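A.B. asks: Next come the chains, spelled out residue by residue.
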Amino acid sequence: MMREMEVRTSKREEMVDVTRAVEEVVSSSGVKEGVCYIYVPHTTAGVFINEHADPSVARDIRETLARLVPSGAGYRHLEGNADAHIKATLVGTSQAVLVRGGRLLLGTWQGIFFAEFDGPRRRKVLIKVLEG
Amino acid sequence: MMREMEVRTSKREEMVDVTRAVEEVVSSSGVKEGVCYIYVPHTTAGVFINEHADPSVARDIRETLARLVPSGAGYRHLEGNADAHIKATLVGTSQAVLVRGGRLLLGTWQGIFFAEFDGPRRRKVLIKVLEG
Amino acid sequence: MMREMEVRTSKREEMVDVTRAVEEVVSSSGVKEGVCYIYVPHTTAGVFINEHADPSVARDIRETLARLVPSGAGYRHLEGNADAHIKATLVGTSQAVLVRGGRLLLGTWQGIFFAEFDGPRRRKVLIKVLEG
Numbered sequence: 001m002m003r004e005m006e007v008r009t010s011k012r013e014e015m016v017d018v019t020r021a022v023e024e025v026v027s028s029s030g031v032k033e034g035v036c037y038i039y040v041p042h043t044t045a046g047v048f049i050n051e052h053a054d055p056s057v058a059r060d061i062r063e064t065l066a067r068l069v070p071s072g073a074g075y076r077h078l079e080g081n082a083d084a085h086i087k088a089t090l091v092g093t094s095q096a097v098l099v100r101g102g103r104l105l106l107g108t109w110q111g112i113f114f115a116e117f118d119g120p121r122r123r124k125v126l127i128k129v130l131e132g
Numbered sequence: 001m002m003r004e005m006e007v008r009t010s011k012r013e014e015m016v017d018v019t020r021a022v023e024e025v026v027s028s029s030g031v032k033e034g035v036c037y038i039y040v041p042h043t044t045a046g047v048f049i050n051e052h053a054d055p056s057v058a059r060d061i062r063e064t065l066a067r068l069v070p071s072g073a074g075y076r077h078l079e080g081n082a083d084a085h086i087k088a089t090l091v092g093t094s095q096a097v098l099v100r101g102g103r104l105l106l107g108t109w110q111g112i113f114f115a116e117f118d119g120p121r122r123r124k125v126l127i128k129v130l131e132g
Numbered sequence: 001m002m003r004e005m006e007v008r009t010s011k012r013e014e015m016v017d018v019t020r021a022v023e024e025v026v027s028s029s030g031v032k033e034g035v036c037y038i039y040v041p042h043t044t045a046g047v048f049i050n051e052h053a054d055p056s057v058a059r060d061i062r063e064t065l066a067r068l069v070p071s072g073a074g075y076r077h078l079e080g081n082a083d084a085h086i087k088a089t090l091v092g093t094s095q096a097v098l099v100r101g102g103r104l105l106l107g108t109w110q111g112i113f114f115a116e117f118d119g120p121r122r123r124k125v126l127i128k129v130l131e132g
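Listed in order, the protein sequences are those of chains Z, L and H.
Under my numbering, the residues of the first sequence are numbered 1 to 132, in order.
Under my numbering, the residues of the second sequence are numbered 1 to 132, in order.
Under my numbering, the residues of the third sequence are numbered 1 to 132, in order.
Think of the hints as simulated: they come from the structure by calculation, not from any bench.
Keep in mind that this is a model prediction, so the values were computed, not measured.
Treat the hints with care, since some could be wrong.
What the hints assert, rightly or not - List of simulated lysine-lysine pairs, DSBU-like, C-alpha gap at most 30 angstroms:
(1) Lys32/H - Lys32/Z
(2) Lys124/L - Lys32/L
(3) Lys11/L - Lys32/Z
(4) Lys32/H - Lys124/Z
(5) Lys11/H - Lys32/L
(6) Lys11/L - Lys124/H
(7) Lys32/Z - Lys124/Z
Stated by the list, open to error - Some chain Z residues close to chain H (C-beta under 10 angstroms, calculated; not the full set):
(8) Pro41
(9) Val69
(10) Tyr75
(11) Asp83
(12) Gly102
(13) Leu105
(14) Thr108
(15) Trp109
(16) Lys128
Stated by the list, open to error - Where chain L lies over chain Z, by a calculated footprint (3+ residues, C-beta under 8 angstroms):
(17) 9–18
(18) 85–99
Yeah, the Cβ is synthetic: ideal placement off N, Cα and C, and Gly gets one too.
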């Protein structure tokens with residue numbers, strides 16, 4: 001069971017909370033016990049899991065990555081988005097979350113964020129729920 | 001087959017070797033071939049796999065993260081632990097290890113570390129062994 | 001179904017494109033739908049997924065990691081490769097890619113890179129294809 005989801009971003013860098021959308025895919029999959037994969041098939045965007053109660057956490061993550069990997073800092077890749085490729089690599093291309101009782105087993109404060117580093121764009125996220 | 005494990009940390013930042021505990025969960029699961037997931041349901045702690053023969057490696061990892069993401073460096077999140085959220089995001093929320101012959105297929109020098117970035121606390125780690 | 005693959009590196013730091021080799025393992029596994037794990041059983045090497053059309057992207061990733069985690073910067077681990085352990089932790093020990101129609105579901109620009117941080121060496125990569 002695999003589902004493709006669209007995410008539209010409106011800025012160059014943006015952390016989009018996709019928790020509810022992923023939860024709906026898990027529900028509709030009918031899988032009660034297993035593992036849910038969230039996979040980003042792009043090279044200038046990623047996915048991470050962290051606090052979504054206070055939106056300033058995602059902002060701190062974005063700003064710290066921008067400090068560590070500044071844009072336009074003499075990279076070899078000439079498309080002007082080398083920093084986005086590097087940030088995506090640091091954050092990661094996929095996440096796995098356990099599924100129990102037909103629901104994502106996220107911690108109390110955890111949410112799933114699509115991490116846009118080279119928007120605005122129309123992006124895809126692949127979600128697969130493996131039973132077991 | 002899912003198991004919840006408790007980890008108690010005693011400092012603000014601490015890398016706890018949980019390899020043996022995870023290995024025991026795999027043994028008791030009865031699964032011979034598959035994949036073991038180690039999932040941290042927290043937003044200021046993570047999990048990584050690296051050398052556990054020499055404890056100075058985990059210390060170097062901790063100190064380098066502290067240098068790259070210093071605590072109290074003007075973050076927006078006002079609970080004083082923004083650095084912990086960012087470090088957890090860089091290190092990651094989960095790890096997957098292959099299982100063969102009923103054992104974790106770790107490399108000779110590899111161990112599994114629970115990474116505490118905002119302790120001391122009583123933490124949970126979820127472990128799932130998927131057969132296949 | 002698990003397969004072990006050898007990767008030979010020729011420099012201290014080198015990003016080796018292993019996409020085709022992983023694709024061949026998936027093909028020969030006969031699995032049509034599932035998840036493919038790429039696991040590195042080493043502590044000074046990792047694996048990541050990013051652009052492989054322009055080789056300068058992997059170079060930018062390597063050079064940025066070298067800037068953030070310089071070698072020989074007063075680490076406690078005395079084997080001279082502490083930076084390699086830290087880089088491997090940041091990049092990650094494993095990756096998961098979805099499988100559909102017997103093929104890796106990589107994005108258009110995505111490739112799988114073995115990340116050598118302490119070569120030249122003869123390395124192993126474990127590949128497992130889980131059906132489901």
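A.B. asks: Does each hint hold? Answer for all of them.
C.D. replies: Results of checking the hints against the structure:
1. A C-alpha spacing of about 22 angstroms is found between Lys32/H and Lys32/Z, which places the hinted pair at or below 30 angstroms, so the restraint holds.
2. For the hint linking Lys124/L to Lys32/L, the alpha-carbon distance of about 25 angstroms falls within 30 angstroms, and the restraint holds.
3. For the proposed pair Lys11/L and Lys32/Z, the alpha carbon gap of about 37 angstroms is over 30 angstroms, so the pair is violated.
4. Note on Lys32/H and Lys124/Z: the hinted pairing holds, with a Cα-Cα distance of about 22 angstroms set against a maximum of 30 angstroms.
5. As the CA atoms of Lys11/H and Lys32/L are separated by approximately 37 angstroms, the hinted pair breaks the 30 angstroms bound.
6. Between Lys11/L and Lys124/H the CA atoms are separated by roughly 36 angstroms; this puts the pair beyond 30 angstroms, and the hint is violated.
7. Annotation: proposed proximity of Lys32/Z to Lys124/Z holds, straight-line Cα distance about 25 angstroms (limit 30 angstroms).
8. Evaluation of the Pro41/Z hint against chain H yields a held restraint, the C-beta minimum of about 3 angstroms falling below 10 angstroms.
9. Taking 10 angstroms as the C-beta cut-off, the interface hint given for Val69/Z holds, the closest approach to chain H being about 6 angstroms.
10. For Tyr75/Z, the interface hint holds, since its Cβ comes within 10 angstroms of a Cβ in chain H; the closest pair sits about 5 angstroms apart.
11. About 8 angstroms separates the beta-carbon of Asp83/Z from the nearest beta-carbon of chain H, less than 10 angstroms, and the hint is met.
12. Hint status for Gly102/Z relative to chain H: violated, with the closest Cβ pair at about 16 angstroms, above 10 angstroms.
13. The restraint placing Leu105/Z at the interface with chain H is violated, with a minimum CB-CB distance near 17 angstroms, outside the 10 angstroms limit.
14. Taking 10 angstroms as the C-beta cut-off, the interface hint given for Thr108/Z is violated, the closest approach to chain H being about 25 angstroms.
15. Taking 10 angstroms as the C-beta cut-off, the interface hint given for Trp109/Z is violated, the closest approach to chain H being about 23 angstroms.
16. For Lys128/Z, the suggested interface contact is upheld, since its CB lies about 5 angstroms from the closest CB of chain H, less than 10 angstroms.
17. Judged by the Cβ-Cβ criterion of 8 angstroms, the segment 9–18 of chain Z is not covered by chain L as claimed, because only 0 of its residues qualify and three are needed.
18. Restraint check on the segment 85–99 of chain Z versus chain L: 7 residues with Cβ-Cβ distances below 8 angstroms, three needed, restraint holds.
Going through the hint list in order, the structure does not satisfy hints 3, 5, 6, 12, 13, 14, 15, 17.
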